[in-house]
Each structure stands twice: as C-alpha cells, then as structure tokens.
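Participant: Protein chains in written order, with our numbering: chain A, 1 to 122; chain B, 1001 to 1124.
To be clear, the hints were calculated from the coordinates, so they are not data collected in a lab.
All of these numbers come straight from a predicted model, not from anything done at the bench.
Warning: the hint list may mix true and false statements.
Said to hold, decoys possible - According to the in silico footprint, chain A covers these stretches of chain B (three or more CB under 8 Å from chain A):
| no. | stretch |
| --- | --- |
| 1 | 1023 to 1032 |
| 2 | 1040 to 1046 |
To be verified - Restraint ranges, calculated between C-beta atoms of paired labels, are given here:
| no. | chain 1 | residue 1 | chain 2 | residue 2 | range |
| --- | --- | --- | --- | --- | --- |
| 3 | A | Leu112 | B | Glu1049 | 16 to 26 Å |
| 4 | B | Leu1088 | A | Val66 | 18 to 28 Å |
| 5 | A | Cys32 | B | Asp1010 | 43 to 53 Å |
| 6 | A | Ala91 | B | Glu1051 | 55 to 65 Å |
| 7 | A | Leu112 | B | Ile1028 | 21 to 31 Å |
Virtual Cβ for every residue (Gly too), placed ideally from N, Cα, C.
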Amino acid sequence: MVGSAMNLLRSGLSSWLIQRLSALVLGIYTLCIFGIFIVHPEIDYGTWKAVFDNNLMRVFSVVTLVAACVHGWIGLWTVFTDYLTPRLFAARATAIRKAFQTGGAFLIAVYLFWGIQILWGS
Amino acid sequence: MKDNRPVNLDISTIKFPLAAITSITHRITGVILLIGFGFLLYLLQLSLESESGFVLVQELLSGLIVKLLTWAVIACLIYHFIAGCKHLLMDLGIGETNEGAQIGSGLVVVFSAVGILIAGVWIW
Chain A
1 MVGSAMNLLR SGLSSWLIQR LSALVLGIYT LCIFGIFIVH PEIDYGTWKA
51 VFDNNLMRVF SVVTLVAACV HGWIGLWTVF TDYLTPRLFA ARATAIRKAF
101 QTGGAFLIAV YLFWGIQILW GS
Chain B
1001 MKDNRPVNLD ISTIKFPLAA ITSITHRITG VILLIGFGFL LYLLQLSLES
1051 ESGFVLVQEL LSGLIVKLLT WAVIACLIYH FIAGCKHLLM DLGIGETNEG
1101 AQIGSGLVVV FSAVGILIAG VWIW
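The shape of chain B in the complex, shown without the other chains (with noise of 0.2 Å):
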C-alpha cells in the first residue's frame, strides 16, 4: 500500500452524516465514561464505608455541582449504552443497510435524550 496518497485533512469540507456523530459521541462518551469511573467508584466506596459515609454520599448527590456531575456522567451513560446497543444488533447483521444505519442512528438520538431527560428529572 502507497503511504503517500493524497490525504484531505480540511475537516470543514467533510460531510458528517448522522452515524458519523453518533459514532464519533460513542467514543467521546467511552473516554468520559472511563475518566468518570472514578468518580462513581469513589461513591461507592464511601457508600459503603460506613452509615457516616452513605449519608455523606447522600448529602454530596444534594450539592448542586455534583448533581450536575453525576448527570452528565449518567448522560454518558445512558448513551454509550443505547449506541453500544445498536452497535451489537448492527453485528446481528440488523440494520446494516445505508438506510437502516440512518434510521438506527436517529434511533440512538431520540432514546438516549428521553433516557437522559428521564435521569435528569430523577436526579432531581
């Protein structure tokens, strides 16, 4: 293989399609979920702890920041677990198709935003 094919690196001519995105927001919301992991093991293990700790965890999860936090972290959450869905049925062999990859992707917008809508209002 020639390594030295022309390659467009003007990223503002490049047209991203709906399962672009979603694909693309699958990977950045692995790597946050992996960077909030620790932040929800932290949780847990003050849980745990002791009754002190779990009520401490509670009063925590009152604080406005780490509401927000712990939301943004279930967001990621919520929709690495919908696109990781629709990435195992796509292995099915389901919706491999031009068309079924659009309807799937607008599939993982829609689910995952009433799935964080819902968190939000439980959080809250």
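Isolated chain A (complex conformation) (with noise of 0.2 Å):
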C-alpha cells in the first residue's frame, strides 16, 4: 500500500471533503468569471480592472486561487497514487511517484505565489 504521508492532511475523509468544498468555490467563481463576460462581451480594460480591484472581488479570486491549489494538489494525490505504482514501476515506485508530487507540489506553490501576486499585487 503506499503510504499517505504526502496526502494533504493525512486523512481520507478531510481530503475527500475538502475536494468537495473547493470544487464548490471552484464552480461558482467560473460561473461569475462566464457571467462577467456574457453581460459584457465587448468588456474593455477599464471594466477589467474594475473588476479585479474591488475588495470583495479580490477576497473571492483569492480564496478561488487557494481552492484550486488545494484541488490540484488532491486531485494529483490521487492521480498520482493511482497509477505510479509498484505494479508498474517496481521497487522504483516510491522514488517515482516523491519525484512526480514534489514536481506538482512546486508547480501549485508557483501558483499560489503568483496568483496572490497578481490579485493582490498591484
């Protein structure tokens, strides 16, 4: 069995829950993001940023941004413990999968970092 030292919170139920509760954030601030562009089609620079700069705004784009990060990581666990296995990779099974979680683990805290930098940045 592989271990679940690198699962999130090292408990089946909080992970599932928790992928639960972001995708929740997830789906209603893509549905917002679809809206803002189906009231205007034609949105120019000034709406844009309109949009970004308020307070409220940027409290829900960063706790969108936090979600997904959080989402990607669970849902890479998952993928990751699914398939890189000692089935298919042998004695080298562990080493690999390390190896493929801490690149996806590097990748979201890019994410994060730049994403706050971006939302809360400027």
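Got two chains here, each in a separate frame; can you build the complex from them with the hints?
Facilitator: See the structure below:
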C-alpha cells in the first residue's frame, strides 16, 4: 500500500471533504467569470480592471486561488497514487511517485504565490 | 491481504463502460487544467497589468494557435465542471444505481459536447 505521508491532511475523509468544498468554490467562481463575459461581451480594460480591483472580488479570487491549489494537489495525489504504483514501476515506484509529487507541489506553490501577486500585487 | 493475487494487465481485454471512460476523462482534464492554469494566470496577469497588456491579450486571443489553446483549456474546464457536478450529485446519493450511472455519464457527454461547441462559437 502506498503511504499517506504526502496526503494533504493525512486523512482520507478530510481530503474527500476538502476536494468537494473546493470544487464548489471553483465552480461558483467559474460561473461568475463566465457571467462577466456574458454581461460584457466586449469588455474594455477599465471595466475588467475595476472588477478585479473590487475588494470583495479580490477576496473571492484569492479564496478561489487557494481552493484551486488545494483541489489540484488532492487531485494529483489521487492520480499519482493510483497510477505510479509498484505494479507498474516495481521497486522504483515510491521514488518516481515522490518525484512527481514534488514537481506538482512546486508547480502549485508557484501558482499560489504568482496568483496572489497578480490579484493583490497592484 | 495477499498481494500475490493474479492481475490482469492486458488492457485490451478489459471492458470500459461509458462511466469508466467519463471518469478517466475527468481525471485527464483535471491534470490538463492544472497545467492550463498557468496559461490562464499568465493571461490574467497581462490583462490586469496595464491597458497595453489588455490589448496584447486581445491580440493574442485573435491568433489561431492561442484561440485553439484557449478553446482546449475551456473545453477541459467545461467537461471537468460538468463531470464534477455529476460527482457531487452522486455523493448526495443521486444516480448511484447501475442504470443511473449510465444515464449520468451519457448526460455528462451530451452537456459537455454542447457546452464545448458553444464555447467554440463564442471564441470564434
């Protein structure tokens, strides 16, 4: 069995719940962004900038960014532990899986800091 | 649990019902979205940076390659969103029967196809 050492919360149940809660946040935010494009089909810079300068939207965007990072991390963990297995990679499975998870963690960390910089930087 | 039980690794002999295909596609689109997220963040950064950055995004989005790339990411997003909704409904106990799973998977395919087509029309 692959260990749960790199599972976000070391508990399958909390991962399961957080995956669903973050999904709800991501889904609602996605609908809002689509909504903006439907209301303003020919959106200009001023309107676009004003949307993201609104403090409520800033908080919503940062919460969504965090939700995306957590959701992505749990998703990657699920995929990696299901497919990068000893059955396919024998003794090297753990090393390969840890390497992929480290790469994924790095990518997600970059997204998190970069995203916060975009949303709250200016 | 014994771990020396026989395992069938010949994938061509395994049947993949629609529910299995929509499930693996949910995973694949999820992984693609994690990569595409960087692309979306880059566009967001450019578009918010300055008026010229916003115009640059508009110009980028009028190019064929970027249009196709954007459509691909949005297609994954639409599929992942709809398959995710089905997942949440099933967590609530809706459509958990064998038949329900088949209908649910069929609906995911139909709704996604329609959504992806509309997104394509909207991008072009």
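Participant: Confirm or reject each hint.
Facilitator: Hint-by-hint comparison with the structure:
1. 1023 to 1032: holds (count 3)
2. 1040 to 1046: Check passed, 3 qualifying residues.
3. Leu112(A) / Glu1049(B): 16 to 26 Å: holds (19 Å)
4. Leu1088(B) / Val66(A): 18 to 28 Å: With Cβ atoms ~20 Å apart, the hint holds.
5. Cys32(A) / Asp1010(B): 43 to 53 Å: holds (46 Å)
6. Ala91(A) / Glu1051(B): 55 to 65 Å: Between Ala91(A) and Glu1051(B), where Cβ atoms are some 57 Å apart, the hint holds.
7. Leu112(A) / Ile1028(B): 21 to 31 Å: Once the Cβ atoms are compared, 23 Å apart, the range 21 to 31 Å for Ile1028(B) and Leu112(A) holds.
Every hint, counting from the list given before, is met by this structure.
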